[in-house]
Amino acid sequence: MAAEDLPSEFDVVILGTGLAESVVAAAFSRVGQRVLHVDRRSYYAANWASFTFNGLLTWIQEHHEESQPEEAQDWSSLLEEGEELIYLSSDPASISNVQAFCFTSEEDEEEEASSPDPPNTTEEETGGANEDVVKETSETESADLKEEETKEKPEERADGAEKEQRFTALNDGKSTVQTDVFRPITQASKTDGKEPGADQPTASAAQSQSEPAKKKISYAQLVKEGRRFNIDLVSKLLYSRGSLVDLLIKSNVSRYAEFKNVTRILTYRHGKVEQVPCSRADVFASRQLSVVEKRKLMRFLTSCVEETEEQRAYNGRPYLEFLCDQQLGDNLQHFLLHSIAMVTEDTPTEEGLSSTRHFLRCLGRYGNTPFLFPVYGLGEIPQCFCRMCAVFGGIYCLRHSVSCLVVDKTTNRCKAVVDSQGQRISCSHFVVEEGSVGTDWKMVTSPPRFLSRAVLITDGSILPSDSDQQVSMVTVPPIAAGCPAVKMVELCSSTMTCMPGTYLVHLTCQSVGSAYEDLSPVVTKLFRTPESHDQENCPSVLWCLYFNMTDSSGLEVEGHHLPSNVFVCSGPDGSLGHEHAIKQAELIFQKILPEEDFCPPAPNPEDIIYDGDNNSSSMGGEENGGAGEEENDGAGEEEEEKKEVLEENDGEEEKKEVVEEEEQSLQTEGIRLQPLETGSGSVGGSDSCSPPAGSQISRRDAVQTPEQHTASTHNPQRESASCMMGN
Amino acid sequence: MSMEDYDYLFKIVLIGNAGVGKTCLVRRFTQGLFPPGQGATIGVDFMIKTVEIKGEKVKLQIWDTAGQERFRSITQSYYRSANALILTYDITCEDSFRCLPEWLREIEQYANNQVVTILVGNKIDLAEKREVLRQRAEDFAEAQSMLYLETSAKESDNVEKLFLDLACELIREAKQNKLDNNDTAPMPGEGKTISYLSCCSLN
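For the protein sequence lines, the chains are E and A, in the order given. Start counting the first sequence at 325; every next residue gets the next number (the numbering used here). Start counting the second sequence at 13; every next residue gets the next number (the numbering used here).
I should point out that these hints are in silico values taken from the structure, not numbers from a laboratory. This list has only true hints and no planted wrong ones.
Examples of chain E residues lying across from chain A (beta carbon under 10 Å, computed): (1) TYR700; (2) ILE719; (3) ARG723; (4) ALA926; (5) PRO927.
From the derived model, a few chain E residues whose C-beta atoms are all more than 10 Å from chain A: (6) GLU404; (7) SER567; (8) PRO642; (9) SER760; (10) ILE786; (11) LEU787; (12) LYS811; (13) HIS885; (14) SER899.
Here are the simulated distance ranges between beta carbons: (15) E/TRP765 <-> A/LYS69: 52 to 60 Å; (16) E/THR735 <-> A/ALA139: 54 to 62 Å; (17) A/GLU120 <-> E/ARG619: 52 to 60 Å; (18) A/GLU120 <-> E/GLN397: 30 to 38 Å.
Idealized CB from N, CA, C, for every residue including glycine.
Turn these sequences into a full structure, and let the hints steer you where they fit.
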């Protein structure tokens, strides 16, 4: 891990590892450009990152601290004749109003759990603590963790005990939590690999586990199991026919990730959470809908697939008005507006219909809902693209930044950058995250917008069902006039984003006020917190976090006064899908390399054929391994250097068939995206195409050419029609 | 591929400082090559080799760092779903040994709990330049409950053994997890390699 010097010449230097930047990096590296990709942070994915619970506590602490503007060093000595420097901003204030609350007890409650009284009192009193107290708690905690990290394993036991006492100290005077300070130290020591229930050594604790009264998970347990959490800063889903899924498949980046289906769509209505029927099977199975409603809904969904004269007549008028005139009734209108189109009451009809169509097109590709979620969280996705970039030679350096640009005064182009170590690195193009560009340089057209975010760790699902492993998308229409519509995603532990026995809930809306002001009323209505009333049956919030993030959807890649070979990538936007970032990345790529293909498929390592017996390796890049050597068009291109073979193959063999592979034993967790889902299996929208919970979906890369792929994915209307209507 | 041509598939991930010989170990094992002075491997995500252990075909998918270790910038997703980790250091480089605790922290943070970790001291062909004594490394490995092996990718010493022992260990774990009869689990040394081509010829 020794620090070396970076090379001093690149084609493209990229600062920031958010989604758009990472896609850009992969795209350039893939076509042979020399890429340097740096991030000043110690983690990947910038504002798209996922954190373990402990990592998130550190992140919270960082955002509480007064950020001291780094002293801009004077690098003018590095300048040559006719050059000038542009300093980048080192203080991206994209996160604000960070507030964390803990509503569970700090310590394990074995004593209480074995007694008949539920430990509700602790909840209220801890929760009643004011914000500063809570902040203090989390800060102290993350400081502990940092310490812990620097220590060796054998010391952890002692450290655990120490921490325990500190917790107790924090509790003193603030709550009546009775913690057993002198319980065996081993409990606080590492017990990796065990389920949370398995680390209770005492018999009484084990007994209380089996009792029906559920033992509430303590803060100490959340910390201890912290690495089981992967908590995303942004909350988005992948539309199964959205541009991100298409790109993942096209580029083969999908091989680095696994996905879970969102298993159900819910909505909040009349004070209750209800399931939204969206597939044909759902509609018929629905108990909320009358027979007449079922028929009306099917007819409506079928009819809106294609644009009609009637629909055009409503252009410019609200979608709600259109829906009203379809005589669908309140139920259906609510589902269609809020949960399927996911628009507001005044969205124009054409927009509402296009969202509805997009939703329908995405249904049934991988499951019963239009959405996928990456196992281990969304923060995986930028990293997957970074891996692709690195595989093709891109150089990665975290904890490293670019302090300024070297600009040629006559051409007004960026010739080089100066990194945080004062090294001059020449480059032809520079791509930068929005946060590192000072406001003076941006062309601001509209006032800055913000997103309000909340992250909850809860102890139960918002709508319990037969399976405790549901992934739910919940739409919450404005709960009062002037309130924002809230999108909520509830993740279960099999998405590998939270510890077993808990759920991770993400809430997102466009900011009206602060995140707490916007979202806590919704949290209070849907969950049990110290502020909520009559929420006996709702899941309890154990811990929650509120923060605001800049919504940078308005920023253009060239919306700045920087040199023309500098491109700006915006951070996360408020929409549910990833369209904005992918579009932006593709745009940047096309501006720089208009002739090149954007993220062509990387060769499948499975197809690289090694001849182990002699000292030359032959490989046919995207050869169909199944077809054997005979068809190896690349046979004449045998090279000792793999690199060259691959590069030649890039051009010539892309139309080659992709190997059909089944990699079952690797896919214990989720779905691998497939280049082409075969029509029979996945179209139909019935239960038959949705994977049974927890099952393995083997990768079945259908044999195809890129052309076929395009054709198949761009003929969605027919499929969605059959998806809704097919028998 | 209508028929599976293997009984097990395992993902093995290499980590360790830059320059300790990770890529050489993989290439020696999968291709029988020792590429002198070879730079970063461009465009190859992982390499495949199918081995046979007690009559069962085991497909090993061996992932390399893609150079991201150079500036300590390995993506977390690299560790996900790995069945085994090969933590490599260079016996002629004290520094690469000193960094091991740092690597272990990353493993603990991001890798699966059940991951099998093996510590490998590479470059034993350069015995005269040795900086890390075998005993020291063995003690360290034992303290961290890792397996330990010394190899030479150049001379092909212990390279086959490394991967075959790992395969045996992984099968044993897999069988234990299934609560199978442990008697049938293979012991280290019982594996043999079969060429990649022969397993593809089924198609």
